[in-house]
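Peer 1: Please put together the full structure from these sequences, using the hints given.
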Amino acid sequence: MPGVLGGERPDRTALRPLPGGGEGGPMLVSNNPELVTGRGNLYNNARPLLTRGGTPVRLSGVFGVYLHHIVDTSTAGVGGGPALFLSLLFSNPNATPVTITVRGTGLTQTETGGLGLGNSPDYRVSEDALLDTPEEVHTDVVIEPARAFLAWQRQVNDRAEVDGRFFVTSSAPVFVYVVATDTAALNEAITLTSGPPEQRLDAPGDYRISGDPPPPFGREAGVYEHDTWRSVVDLDVPTGPAHTGFVVNTATGSNFAQVQAFPALAHLDGSAREAVGMYGNFYDLTVNLRHDGRSSTPRRVRVWFTSLSTDAALSRLWDGKGLVDNIPIDVRHLPMSPSTLIGERTLSVGASSTLRFRAMVPGLTSIPQALVVETLDP
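In our numbering, the protein residues as written are 6 to 383.
Quick caveat, the hints were computed from the structure, so don't treat them as lab data.
Predicted model only: the values in this text are computed from it and were never measured.
Careful, some of the hints might be misleading.
Unchecked claim - Ranges of calculated distance between the beta carbons of each label pair, as one might list FRET restraints: (1) 357 with 149: 50 to 58 Å; (2) 351 with 211: 49 to 57 Å; (3) 246 with 146: 51 to 59 Å; (4) 87 with 270: 28 to 36 Å; (5) 349 with 98: 46 to 54 Å.
Here a beta-carbon is modelled for each residue, glycine too, at the ideal position from N, C-alpha and C.
Peer 2: The structure is reproduced here in structure tokens:
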């Protein structure tokens, strides 16, 4: 396309499909209900929930867990209600012991000091996940048959958010539970998720039913096929001014032909059948730039990562940590400043250059995004 954007949003209709596809192990996501008003089971891969159904699926080897919830226990919705404890449990359904390693970070907004830009649980979790600096590390934990292991727990105050991303390696299939309880007692969590049917309970809250096909902002409660979209973009750079762009983070119903949201391997009835929003997933984008050789003029190139939403009512479109050629950067998109410059290059005749950008999609992100490459005036 002619012209340069300088960080402005590109024309959606001119965006190209992003090369590549899904990689990495599956990911269990607990985000429906997002707003939780009482104790009970939020999601598990062991058995259907009493009122929300779902399909059991065992997880083993390398897989991920992402959770995002808001506690709202006050009857008037103005605060002052009791706190809930959110826990991440693993149990062993096998006849022999299982060895499991769990690494990750889960934080509440009380711990981080609020939801401010660069300081929210969503930002902090994306940073720890990307830089591999987990706050929670459990290495080679042995879980005996029919036993459970509490890998993470937080007390979440009324009207507070919690966000978490965990990386798991298991020697055999395990069941994973995300549960809200009134107390920190492990027995309460086990009873609510794995006890007799009359003692089990689904956590009440704002349980959203996704459309058919799912809308762009459907809520996830399931196990989704991958945790990373890996892409290699090869571009011969012409003389400027010109630009091209590739769509990033699309879902069914978002008016793009390419759907990047990973399909569900299992999900609660009514929850998203694909990883809508790709929250907790990674984008790993490599851009190979090469002078097109059609003149002796050097090519001045800029690469942008841009959020496409124009909803001025949103407080943020993206706020997380990124890596450009392994150097950490802040990726912060607001309605009036939707782009991050992730690279600048000057290419002489015959020259080439590679840029690699990696980021985890943080909570509170508004999709979709775009990768934009522009060549400036000679």
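Peer 1: Hints first: check each against the structure and report whether it holds.
Peer 2: The hints, checked one at a time:
| no. | hint | verdict |
| --- | --- | --- |
| 1 | 357 with 149: 50 to 58 Å | 55 Å, holds |
| 2 | 351 with 211: 49 to 57 Å | 51 Å, holds |
| 3 | 246 with 146: 51 to 59 Å | 57 Å, holds |
| 4 | 87 with 270: 28 to 36 Å | 35 Å, holds |
| 5 | 349 with 98: 46 to 54 Å | 53 Å, holds |
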